[in-house]
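Asks: Sequence:
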Amino acid sequence: MNILLAGGQGSSSLIFMVAMFAIFYFMLIRPQRKKDKQVRDMRASLKRGDEIITIGGLHGKIVKITDDLIVIEMEHAKQRIKIQKWAVHSVINPSDYVEETVQETKEIPVEPEIVDVTEDDELK
17 MNILLAGGQG SSSLIFMVAM FAIFYFMLIR PQRKKDKQVR DMRASLKRGD
67 EIITIGGLHG KIVKITDDLI VIEMEHAKQR IKIQKWAVHS VINPSDYVEE
117 TVQETKEIPV EPEIVDVTED DELK
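Under our numbering, the residues of the sequence shown are numbered 17 to 140, in order.
For the record, the hints were derived by calculation from the structure and aren't laboratory data. In this text, a Cβ means the ideal position worked out from N, Cα and C, and glycines have one as well. You can trust all of the hints, since none of them are fake.
Distance ranges between label pairs, derived from CB positions:
hint	residue 1	residue 2	range
1	N109	G72	16 to 22 Å
2	M36	E91	47 to 53 Å
3	K77	V55	18 to 24 Å
4	P47	L85	29 to 35 Å
5	H92	A38	47 to 53 Å
6	I39	N109	33 to 39 Å
7	R96	Q54	25 to 31 Å
8	R56	N109	14 to 20 Å
9	K101	A35	38 to 44 Å
10	I71	E129	58 to 64 Å
11	A35	S106	35 to 41 Å
Sequences and hints are given; from them, build the entire structure.
Replies: Here it is in structure tokens:
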């Protein structure tokens with residue numbers, strides 16, 4: 017009888033292990049793969065003239081691209097630096113720095129409140 021009960025426990029622990037793996041897959045592994053794919057696509061779509069930020073925090077404009085190397089030009093001193101393609105952290109979109117237009121609003125005149133100050137109300 018104990019053998020039959022032990023067999024039932026084994027299948028429930030197997031189901032538990034499969035369920036835990038599925039949870040880990042959908043909560044950890046799958047989102048990370050999706051993010052990695054987005055980064056690969058971003059790095060594959062780099063082109064000359066794009067402004068980028070490297071993983072070291074350097075800002076520059078792409079001057080030349082080869083298969084695995086990128087030459088960037090830093091704005092402040094016009095220095096050129098060779099970096100690996102994998103060192104690109106993000107592309108700077110010019111639209112991120114465009115200020116939004118502010119819509120004009122009509123001013124509504126407000127009449128000033130008239131306060132009657134008499135000699136009795138003075139502070140002592």
